Amino acid sequence: MEKKANPGKKFKAQILDTLKNLESLVKKIGVLGLTVEPVTKRWMESSGDLYSTSDVLDNYPKYDFLGRNEEVKTILDYLLSTTTESEQHIKVINIVGFAGVGKTSLVDVIYSNHKVRESFKLRAQITVPYIANLTVKNILEEITGNFCGGEDEDFDFLCKILQERCGGKKCLLVLDDIRIEDSLHNWSKLIASFETGAARGSAIILTSIPLYDPKQLMIPATHTVHLSLLSTENCLSIFMGHAWRQTDNVCQPPEELSTVGKKIVNKLGNLPLALKMTGSLLQDKLDLNPQWDKILCEFLDGTNLLPIPSFLVMCYLDLPAPVKRCFAYLSLFPKSYHFRQKEVICQWMAQGFLKNTESGKSMEDTGDAYLGYLIKRSFLQPAFGYNDRFMMHNLVHDLAIYVFGESYKHHLCYDRRMEDFPAKSILKHGRSLRTIMPVYLPTERGNSEFDPEMLQPVIMKLSQHVFRVLSLSHYKITSLPASIGELRHLCYLNVSYTNLKELPDSICDLLNLQTLLLRGCYSLTTLPDRLCNLVNLRHLDFQGSSLQRMPPNMHNLTSLLILTDFIVSDTGPRLGDLAGLSNLKVLAISNLQNVAHANDASDAKLKEKGLADLWLSWDYVHDSNRYGNEMEVLKKLEPSHKDLKILKVTYYPGARFPRWLGDPSYSALLNLDLYYCENFESLPTLGLLPFLRELYIGRFTKVSSVGLEFYGEMTASQKPFQSLKVLRFSHMPEWKKWNIVEGIEFPHLVHLCILQCPKLVGDLPNELPSLKKLEIIGCTHLVAPLPNVSNTCEVFVQNSHSQPSLDLDKDTVPQKVHEITPVPNSGFRGTSTASEIEEILHGSLMETESVVSRFPFSSSSDTTMSPRPKETSSVVFRHQVEAETGSQSSMVEADIPITTQAAVIPPTNNTPSTTAPFNNEEAGNPRSSFEVLKVSTVSQLKSLPPTLHTLKIEGCEYLEAIPNGLLAGLTSLKELYLISCGSLKSLPSLGSVTALYIRNCRRLENLSSSESKMQLAFLHHLFIGSSCDSLTTLTLDFFPKLKNLCIWDCSNLQSFNVIKEIKGDLQSLESLEIRDCPRLMSFPEGGLHAPNLESIFLSNCQNLNNLPDGMTSLTSLKTLFLHKCPEIESFPYGGLPSSLILLSIAYCDKLTPQKNWRMDTLESLNRLEFEGGCMGMDSFPEDMILPPNISSLRISTLKSLKKLNYRGFQYLNALHTPEIHCCDVLHSLPDEELPSSLNQLCVQECPLLTPRLKPKSGKEWHKVARIPHIQIDHQIIC
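So the sequence shown is numbered by the UniProt record's numbering: it starts at 1 and just counts up by one.
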């Protein structure tokens, strides 16, 4: 039998021959006088940490936007100018310029301008490499924030949605890099949809190169800006700015370099991109004048045969070889994609592009240096508006594609907006693939259905020898096949935001795995016990999972650099397992209350590690009987002071910190968060941390003063907080005094925030020269003056209505001040709930009548009545009355309840009081003399003081009529109360009375008779309660000057009426309140012509079946309350007025939020409430129902609600205070992260949801963990 050849022997012989040849060459090195040096050694060692991303960004040059101020001013002036009727409905601005001239930078500056942000309610910016690739779906996704998915199947339908979404708002659409190739018909229809739906003054900004003429789009530009080349002077500044940066010891470059530099600038054609990249190239060659000449002669004067500009070729060839590979890999990502730093570095590492260096740098440090070098050399640039994202210029992206060449075939990078999992492509090309990576991931968890049967053949098709990177993030997968363990060379696995319940044990066979991302896998409860086999694992992130303990033998993972949580448990590994993880850089340790012995903490040996980021956390529910060793535990968890940059300590139950926390030796510490340390009576000393930039202190609930102990001892050479940029204090209920020590300043403070410190009186720092943003929220007693800040500083003041406002010195008030005044002591709420309003109106206040209590009886219109708890409504006040004839004062008892208007709804700058009844008419002429008199017998009416201002007739049961002449001589009388006069049938001649209050006068008849028309014509305020049983129709014509109308418990009232066409007759009406009128069915046909009406309150009107017609004409309406009106089914045609600020709907069974309500067009609406009713609604809110600018949302007692829908939440970018109450079957929050704007969350009495929000362990906790302030079932969590 013929013997088969052994191929192994043949290969072995070839390898041995190759080794011999190499050894021969090595022996000749010394003979030739050569030295061996790693390819990266020279540039890496000479640079040190210079090229780290953070250092490069700190020193990123500011020369990139020179010479465009005139263009910016021209465009802003035109964009923000008022559009006249004769002008085109939509402004179209076309910015034309050659590639690299700076069009995108110009657009970024315009788009981010604060005046533009304020003027345009909807904004979207899209980079369009080719118009043929732009679909209406892309634009719709940008404007709505919704992931539309799939193909652009129904163009007309999507255009209609776009038109509706614009909803009459003023919109700005930026389309960058337009190139016309086809789809002109669709494009013109798309623009027509935008023009039809957007408000007058909306704008489209296009950027294009001169070769393509946007007139072909059939939307001729109303304004064209030709972006010419920069002047030689500006170009030289940009070029030398990049070439000469970081040489602060030399003011100007040598003359010979300047001369060559000018020649290079001329050759580059005055293009900013070319100037930046070439200047950055020459930065490392400042001492090499011949190098500058060589670049000028060989590259810029030579012939370029490549399809890439010569300056790009030159810059690329100068890159070190390992950086070239990393740069080329970035071509996989789409144009204009925003790279994340960690995402890029981990993938470079997985592809084998990064190595540990001899100097001790990790692969991550090397990757960070490469990324920083690419930024420094202008191959990448910071993404506008982001600190951790970067992007490529389109020309640079073209270069990356060119140099990557055929290698792209081995990497599958696909856009999740355009396609789901590309199983067919993988099955076809799987053997050669190294990467499967989706980008532009949907914002919802598990957005796409995923067939688990499909994953098995896909994994089997991939080569176990070459496949390196796999991402299945955001897919609906509950398990991974065991075959994944066959991918032996897999280095990067991302299954974040999936529904995985467990990992297969075979995953522990992936011995080359470096990065394992399980973030947001809330169904994941355990990790495999053999996880310790992954000896090359460097990044383990399971934040937001439901793990209860760590797997055994964690100490074997000696390569681990990032561990997002080490869970201390009674049954799991102890802290000593961390001792062997000597390479850790990022570490979080939770459940430290389970550390039984402080020596266990010492065993972790954190001081011997080079930790840069550390988070230490105890349980939010303190068990005082547990161990009581928290001080010793924290003391023994002391990290090394050399490398620590970020430190966070939460739920610490001790009364003080060990000495190491705050010690000045922590010179690298930049960010410090101390939260929920409720047993501290004074703040720790933190002012001497020399380079601390951000400090957050929250929930120090026993601290009453802040002073010298916080700053530390000051010397001539050492002053506290010299580097601090951001300072936040939050939820310190006992803090009363901030002692500002003389000589202590915050010279670099950019952002100061003081939140929910209700007892703080003062002071505030006097001088904050660098401050850009000041927030003071919920500090109800603060009377200190604001700091002196620049007029560009944004100031947000949220202060209680009942307490003194901040003393805003007119000379120091910035231009941008936002004042908000919520109900005091309302916890998380900015508005009263519907149930509380009903309780106020129908509960314990009924004895004294809430409407009576809302009469303001102040001696001056400037006096602000204090909102009190509801039991204070019946307090009797004594008003001191000054006689007109002298300074002597007499006391007249007036049984007048204090105002409770703020208990119903607090007035704010944006939200006037719903019922502010008898405000002093002479606002500019406050009364200095008045009398208030209560009479209870007829005899008392015989003699009334001539200066009487307010007359209250109460309990005169047998009084049938008031003589007409009785009030005629009382020229000062303005307010008349008629209470419990059961026999009274007619009104007297009211004379000068402008405010009339009637209660329990059921036989009163002549209110709507023609005889009473004249005497009612001068009324400004009318309140009718439990009276006028004969009243079935109220004629509004009788009250042309009426400002406030309130009717309650009029059992027979059926309708309102107008005798003739109203032509501005109700133009004074400001407030309308109707409640407990069971037979009321309708408003006047044609609606209410009340242009100044600001508030409507309708409650418990069982038969009312519609709201007033034409409500969009109520252009001043700010607040609308609809409570217990079960027959109202919808809003009037046309919807609600855009001026509406607050909308509250409670127990209106037939009112369920619908798209045809057009709430998304209510651009001023910022507070929204739904309580009760909405039967059958199991998901809320649906897509495009809510306006994007609401800041406060409350949902309560929605019995059918099961889940919150992310599609409706994701574009609520202004939402900061959601509240969820008494939703019995609600079990989940939106699948993806809640809006980043959230600052507070309150969840009460939701039995299915509450246990899922348990900190750390709850399945929903990861969704809310980043929210600063959370309250669950009346317990403050954080």
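A few of these clues could be false.
[Unchecked claim] Below, in silico cross-link-like pairs of lysine to aspartate or glutamate (EDC-like), each with a Cα-Cα straight-line distance of 16 Å or less:
| hint | residue 1 | residue 2 |
| --- | --- | --- |
| 1 | Lys719 | Glu734 |
| 2 | Lys648 | Asp613 |
| 3 | Lys585 | Asp565 |
Quick caveat, the hints were computed from the structure, so don't treat them as lab data. Owing to the predicted nature of the structure, the values given are computational and were not obtained by experimental measurement.
Going down the list of hints, with the structure as the test:
A C-alpha spacing of about 28 Å is found between Lys719 and Glu734, which places the hinted pair above 16 Å, so the restraint is violated. For the proposed pair Lys648 and Asp613, the alpha carbon gap of about 8 Å is at most 16 Å, so the pair holds. Distance check on the hinted pair: Lys585 and Asp565 sit about 13 Å apart at the alpha-carbon level, within 16 Å; holds.
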